[in-house]
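Asker: Next come the chains, spelled out residue by residue.
2 protein chains.
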Amino acid sequence: EERKYKELREALTNHMHPIDLAILLEEFDQKHMVIIFRLLPKDDAAETFTNLNSDMREHLINALTDSELEEVMEEMYVDDTVDVLEELPANVVDRLLMATDVEKRAQINQLLQYPEDSAGSIMNIDYIAFRKEMTVSEAILKIRQVGLNRETIYTCYVTEKRELIGTVDLKDLLTSGESRTIEEVMDTNVMYATTTDDKEEVAQTIHKYGMMALPIVDHENRMVGLVTVDDAMQVMEDETTEDISIMAGLSPNEESYFGTSVWQHVKNRLPWLIFLMLSATVTQMIMGHYEMALAVMPQLAGFIPMLMGTGGNCGSQSSTLVIRGLAVGEIKFNDLFRVIFKEIRVALIISGILSVINGLRILLMKQGDPLISLTIGLTMACTIVIAKVVGCSLPLIAKKVGLDPAIMATPLISTLVDISTVTVYFSIVSVVFSL
Amino acid sequence: EERKYKELREALTNHMHPIDLAILLEEFDQKHMVIIFRLLPKDDAAETFTNLNSDMREHLINALTDSELEEVMEEMYVDDTVDVLEELPANVVDRLLMATDVEKRAQINQLLQYPEDSAGSIMNIDYIAFRKEMTVSEAILKIRQVGLNRETIYTCYVTEKRELIGTVDLKDLLTSGESRTIEEVMDTNVMYATTTDDKEEVAQTIHKYGMMALPIVDHENRMVGLVTVDDAMQVMEDETTEDISIMAGLSPNEESYFGTSVWQHVKNRLPWLIFLMLSATVTQMIMGHYEMALAVMPQLAGFIPMLMGTGGNCGSQSSTLVIRGLAVGEIKFNDLFRVIFKEIRVALIISGILSVINGLRILLMKQGDPLISLTIGLTMACTIVIAKVVGCSLPLIAKKVGLDPAIMATPLISTLVDISTVTVYFSIVSVVFSL
Chain A
106 EERKYKELRE ALTNHMHPID LAILLEEFDQ KHMVIIFRLL PKDDAAETFT
156 NLNSDMREHL INALTDSELE EVMEEMYVDD TVDVLEELPA NVVDRLLMAT
206 DVEKRAQINQ LLQYPEDSAG SIMNIDYIAF RKEMTVSEAI LKIRQVGLNR
256 ETIYTCYVTE KRELIGTVDL KDLLTSGESR TIEEVMDTNV MYATTTDDKE
306 EVAQTIHKYG MMALPIVDHE NRMVGLVTVD DAMQVMEDET TEDISIMAGL
356 SPNEESYFGT SVWQHVKNRL PWLIFLMLSA TVTQMIMGHY EMALAVMPQL
406 AGFIPMLMGT GGNCGSQSST LVIRGLAVGE IKFNDLFRVI FKEIRVALII
456 SGILSVINGL RILLMKQGDP LISLTIGLTM ACTIVIAKVV GCSLPLIAKK
506 VGLDPAIMAT PLISTLVDIS TVTVYFSIVS VVFSL
Chain L
106 EERKYKELRE ALTNHMHPID LAILLEEFDQ KHMVIIFRLL PKDDAAETFT
156 NLNSDMREHL INALTDSELE EVMEEMYVDD TVDVLEELPA NVVDRLLMAT
206 DVEKRAQINQ LLQYPEDSAG SIMNIDYIAF RKEMTVSEAI LKIRQVGLNR
256 ETIYTCYVTE KRELIGTVDL KDLLTSGESR TIEEVMDTNV MYATTTDDKE
306 EVAQTIHKYG MMALPIVDHE NRMVGLVTVD DAMQVMEDET TEDISIMAGL
356 SPNEESYFGT SVWQHVKNRL PWLIFLMLSA TVTQMIMGHY EMALAVMPQL
406 AGFIPMLMGT GGNCGSQSST LVIRGLAVGE IKFNDLFRVI FKEIRVALII
456 SGILSVINGL RILLMKQGDP LISLTIGLTM ACTIVIAKVV GCSLPLIAKK
506 VGLDPAIMAT PLISTLVDIS TVTVYFSIVS VVFSL
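Residue numbers (this note's numbering), protein chains in the order written: chain A, 106 to 540; chain L, 106 to 540.
It is worth saying that the hints were derived from the structure and are not from the lab. Treat the hints with care, as some may be off.
[Claimed, not checked] Capping the alpha-carbon separation at 30 Å, the derived lysine-lysine pairs in DSBU-like fashion look like this:
{"id": "1", "chain 1": "A", "residue 1": "Lys147", "chain 2": "L", "residue 2": "Lys313"}
{"id": "2", "chain 1": "A", "residue 1": "Lys437", "chain 2": "L", "residue 2": "Lys372"}
{"id": "3", "chain 1": "L", "residue 1": "Lys111", "chain 2": "A", "residue 2": "Lys313"}
{"id": "4", "chain 1": "L", "residue 1": "Lys276", "chain 2": "A", "residue 2": "Lys209"}
{"id": "5", "chain 1": "A", "residue 1": "Lys313", "chain 2": "L", "residue 2": "Lys136"}
{"id": "6", "chain 1": "A", "residue 1": "Lys276", "chain 2": "L", "residue 2": "Lys147"}
{"id": "7", "chain 1": "A", "residue 1": "Lys237", "chain 2": "L", "residue 2": "Lys247"}
Everything numeric in this text was worked out from a predicted model, so none of it was measured.
When you get a sec, could you build the whole thing from the sequences and use the hints?
Answerer: What follows is the structure, given as structure tokens:
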């Protein structure tokens, strides 16, 4: 308790970063949080508000007076406001929108209309635009007067009838003669994206070219905003978390681990577990056909977990490499046969090595005679090749038909490999031992 | 062939981005690649060289004359040079170092001494430093004269006896009176990292605070360089790829999927496969004890894949959530008991639901009598709880003892869960059916 207040006093005197202020505020109970929030300097208050979790924000909105709320809304960037609005219940949204001036409200409504995951939904609409007739000194003067946030002034845009025709780096402005025109110093080789482009592609472009911001145009080629490098980083982190979740058979979740209730965790995990559990029935039915074989040679059952485990691991290695390759843009659907050819060669070598190691182990541990050792080796070799081919091709096919490749990861691959493993195993067993 | 040359002609006339030039060059054979490389404008050549893959770079170094190589080296940033050097064989490194002037060579040697994965190993040593007595107009003049790459001029640093005492944004310089001193306009609340800090933490700091660059100081607090936001993005992407690889039982690999030879793929995948295959022997030995039970009731074997599969999926859901939570800094070791408590509650609800669904399925499909149905339900419930507790705690314990938490992912968790599943299953079976 005392520590928190000490931190707080230091924070308020030493101008703590709004992101740290938000983390600190979340440690207080709601009543004290509101009191402290009121003590913050006006410009810090808006940024701190943006960084609070949604529960805290909702409580604050209810606790602040209309005029206090208006002050916060005035300082907030439009794209941050939209992010905040999207997480709030409808009645709170109304209160927030009433605290916003008419012009900003129109911009917010515009942004809310872009599809989820589109460049439009994450773009920033504050940027500096020049006309090509302006001189360098007029342009610098404009930057001085407008004063937006940092990322958005270091690259400026040149528009003509709102159409994007060039970019100018602030660095180039500073190093050019003051009487030259923007047209002379601008770079007309502009990279841009469209409002409806996927935000993940926009993030990849920014990352690939080491850009600080990518301009966004509408379908009439008019500039409407830009996505900055820190937005791109957030998109990359979120998309990766989403991919990793889906790869583990979890419904993706934007809340934090502790911020998610037990029931929500159950809801996120249950669908895949039920589906996979029921799919395992197929494996069971196949094994049911060979009950007589197991009654005669019960030791055959003991090899099944190892065969399935190895197959599953081989398959998930391949699917993971392909899913990640697709995510970072290194593998494309057209590479399907190249990938399969590579995986088959890898699988043949691995299956040779593993079969020999395992065969020797069985003989050394006296778990079976040479015939059993051979049967297991053969099954393992077939399983590994099947697992790797299935594992590498399903994510590519998923991508092609518009599904998320991450679905084709370990859980599903393992279940499919399980089915093929028992099929291969008992087919070979019935031939070898005439069961 | 014709398409490539058409693209090339366009590239050379329209000033293609060096990153795209590198991608295009890699499509040509080595002989033509060298010819085209010689046609590039000098400043593009260096950046294109940086972005080529290591085979191409090695070939170029061997093909270019000493003076051509010197020209390329002159234009390259020191941190890029170090990245290039680290991937080249020793004899080629010598040739490159000979083409570098004495001062740069000293800087390169300094950078090569920082430990792998440290902030020092990825930092940029070109930045703009002011003295606090300088006026704003002197500072702007200095920026105009020095002209480094973009990210590094938009935040400038104030040093005194090389010690870092403040930062100034270019924006603040532009909006301040020209005769004010740097001391008056600088921000003394400086965030920084040390050369030996982990590069992943540095990337997380840059991301968290939306910074464009983080200054790096040595152990005497003297500023020695900075890490920019695009380096941070690269670190985040590489670390994620590494985590995802390890989570799938793959040795991490910096090369691309196609850039890795079949043999290297085998080497990256084999160690874990062998280890996990041999670990599965434990499961087999436990099942060996119950061969008599299986001979009497062979239908019991059919349930094993489903029990193991469900357990493995439950465990990997939990371990994945914790591994990702650790990676994005949301979960810490101190949360161990909070995490376990949450996972136990989730596991109890999930095990209740899955046991009931599965019990009904067994009865409906006539795969067993109510006693078998009950046995399977009980085993499943125990397995799920064990899987979730093991899955969530192992990554945290790994982190605590200094291992990579990503090791404690699906492959290892599944193997451990397999062992516990058969133990629980046959213990319950022997009691219920007195086998």
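Asker: Against each hint, give a clear statement of whether it holds in the structure.
Answerer: Do the hints match the structure? See the list:
| no. | hint | in the structure |
| --- | --- | --- |
| 1 | A:Lys147 with L:Lys313 | holds, 22 Å |
| 2 | A:Lys437 with L:Lys372 | holds, 24 Å |
| 3 | L:Lys111 with A:Lys313 | holds, 23 Å |
| 4 | L:Lys276 with A:Lys209 | holds, 25 Å |
| 5 | A:Lys313 with L:Lys136 | holds, 27 Å |
| 6 | A:Lys276 with L:Lys147 | holds, 20 Å |
| 7 | A:Lys237 with L:Lys247 | holds, 27 Å |
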